[in-house]
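There are 2 protein chains.
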Amino acid sequence: MTLLVEKYGGTSVGDVARINAVADKVAKSRADGNDMVVVVSAMSGETNRLSELAAEVNPLAPAREIDVLLSTGEQVTIALLSMALHRRGVEARSYTGSQVHIRTDSVHGRARILDIDDARVRADIADGRVVVVAGFQGVDHEQNITTLGRGGSDITAVAMAAAMGADECRIYTDVEGVYTADPRIVPEARRLDRITVEEMLELASLGAKVLQTRSVEFAGKYRIPLRVLSAFEDGPGTLITYEELPMEQPLISGIAYNKDEAKLTIRGIPDEPGIAYRIVGPISDAHVNVDMIVQNVGADGTTDLTFTVHRNDYKKSLQILTETAKKLKARDVGSDDNIAKLSVVGVGMRSHAGIATTMFHALANEGINIQMISTSEIKISVVVEDKYLELGVRTLHKAFGLENATVKP
Amino acid sequence: MTLLVEKYGGTSVGDVARINAVADKVAKSRADGNDMVVVVSAMSGETNRLSELAAEVNPLAPAREIDVLLSTGEQVTIALLSMALHRRGVEARSYTGSQVHIRTDSVHGRARILDIDDARVRADIADGRVVVVAGFQGVDHEQNITTLGRGGSDITAVAMAAAMGADECRIYTDVEGVYTADPRIVPEARRLDRITVEEMLELASLGAKVLQTRSVEFAGKYRIPLRVLSAFEDGPGTLITYEELPMEQPLISGIAYNKDEAKLTIRGIPDEPGIAYRIVGPISDAHVNVDMIVQNVGADGTTDLTFTVHRNDYKKSLQILTETAKKLKARDVGSDDNIAKLSVVGVGMRSHAGIATTMFHALANEGINIQMISTSEIKISVVVEDKYLELGVRTLHKAFGLENATVKP
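Here the protein sequences line up with chains A and B, keeping their order. Under the numbering used here, the first residue of the first sequence is numbered 1, with each subsequent residue one higher. Under the numbering used here, the first residue of the second sequence is numbered 1, with each subsequent residue one higher.
In case anyone wonders, no lab produced these hints; they're calculated from the structure. Note that the structure is predicted; figures quoted are calculated from it, not measured. Check each hint, because a few of them may be wrong.
[Stated by the list, open to error] Ranges between beta-carbon positions, derived for each pair:
1) Glu217(B) <-> Ala63(A): 38 to 46 Å
2) Ala119(B) <-> Asp15(A): 38 to 46 Å
3) Ala17(B) <-> Ser51(A): 49 to 57 Å
4) Val107(B) <-> Gln143(A): 19 to 27 Å
5) Arg49(A) <-> Lys315(B): 34 to 42 Å
Glycine included, C-beta positions come from ideal geometry on N, C-alpha and C.
Looking at chain A on its own, in the form it has when it is part of the complex (with noise of 0.2 Å):
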């Protein structure tokens, strides 16, 4: 028997009849053969009506309440789920999070999962019964209800895979798998049959929405045979693999594009050792997650140092770095939040020199100015002005001909 762990979100839960098609697809699996373990989030829209009810009782309220309060929006959904499947004929049995022994740690609100006794599971399954679990929620060694935060219902998922030994975890969505660039922006992008870890975790960490890096990257720690596809339409997705590529793989995955941050220059700083530290230190003090980072020496013996942070932090930083302009009597301090980062990912650039000379040369050939530069070993990641955001992505995709099924290098 192949065991599939199969997770699908809130639009795709989000009323009565999607989960009835779900209860329709799950049941379909079933009589095909598969063992199941299905993991579900809270029905869109839940989350948010809950999260105004605590706001409206108490903008402060307890982050454990706050946990007891957002993991009912699973519980239901688990409930229907279970009901719908019943009503196919299928056997199944919901659990909580604290019913399958989802054991986190105690930091409510982004808990990280540290096992899971599957026993229980296992014997469902083995009953020949289909496990619906509620994502996005475990519980402490205390008993007390707590939430993964951001992505959590997709860390369930791959979290169940792992301590099953699943053969397939597949993340049910509302795209129908990892595109060469947003299908919005390049109506040429195609949906890539596979890609490689690596290469999905660059793109969930510089904005493709698809997967959360945390759920990404635990699968690559357990080596989870990963699939993303569309819980609207028949598909096979994309799958994430773990393999060495074949030769024919193109040099570039994708184009990702991130618009959520912003820029913030110090000038004039002097240039001496430690100096970095003790400008992005105190953003860093304040729970800001620094993004890019550049610095350029300057010709007077001082220097300037630019980063990003995400747009919802623009505001917190830029106070933070105007005092530690006062104190190191830096020059002055510079900010800009209409800007857009895009990105080149692929495998191939670690053998193959000369993709940055492309992707400069495309940009500079559409009058698209380069503010910032970073890479790391199979990305390069380039600051614009924001107007140029679609047009960026439409280039790129088009610079390195991934309308084509494969390009050689």
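We have chain A already, so just place chain B on it with the hints.
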């Protein structure tokens, strides 16, 4: 320290404003120095909303999954009330039925509490916290979520009070206590300061909606001081007592009515041993509760038997009785759902004659015909045509002088 267990029903926590009002009440009682366990129901309307979702997904949904679904209702309330208490500076912690170890049997939808492991609640109380517990729900020996059925939150409160040896269990409702009659029918009806547990049991089983029979029985078994009071108005409510009554206790405590019953009669059946069983047995076998039963012997060696059932079971019962009549070659079957039951309840009647006479005389004076009579040690019930319900209740209330605080026998 005084330890109070307080229970607030669905109407009392029906929206954010009402949850805030409950939090104010609890915070005040805590500030007065009381240790507190608060049991809450689902916000009013929530259980219906969830039940309708379930019915849409699967009209024959498995009871286990219905319990998983419905139990989210109270879980939402415990989280919100805890948040509201925190906002008032009161340390509070919420517990689901599963977390507080309210262990039940496995009869989903109407589970019975087996025991409560209150160690964690005691520790919280000792640490100065208010403990907020989800009513209506528990967990069986396999960690399946169960619900306790109608009046379940009251049961939870009484059970918590029993387990913890609380000084008082307070059931907050939308009425100010137990009245000598329904104030909507009898404007002169008085709130009773105290009532014996036996009287309360009769009133509950006779249709007074203040408390469910099951929770009163439970409280009586453990002799929990139980008080019914208003969630919306200040006031002492009504205390349910276990002591012998003082001399000046009135003969009659209250008048109850029930208009949810229907009457069935089978006529011309052989007057022989076992005949009542052969008639009532098939009705009970169909899970219909039979309430009043009377039998008259006729002149010709045959007899008639009349009984009442809940109006919801009327059609089913009539069908069964018609089949039985054929088998027994009965003369005919009659039925009537335009009936009402009027009852007078009071422990005083144990030691005093003439209560029935007063009752029958008062009704006769108003031209109200009595169709059936049934008595117990502390109550007399009669069935009348339902159009006489209000007149009958007012007549009896006056006949026993219940508008005055005390009536000497």
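We went through each hint and held it up to the structure:
no., hint, verdict
1, Glu217(B) <-> Ala63(A): 38 to 46 Å, "holds (40 Å)"
2, Ala119(B) <-> Asp15(A): 38 to 46 Å, "holds (42 Å)"
3, Ala17(B) <-> Ser51(A): 49 to 57 Å, "violated (19 Å)"
4, Val107(B) <-> Gln143(A): 19 to 27 Å, "holds (24 Å)"
5, Arg49(A) <-> Lys315(B): 34 to 42 Å, "holds (40 Å)"
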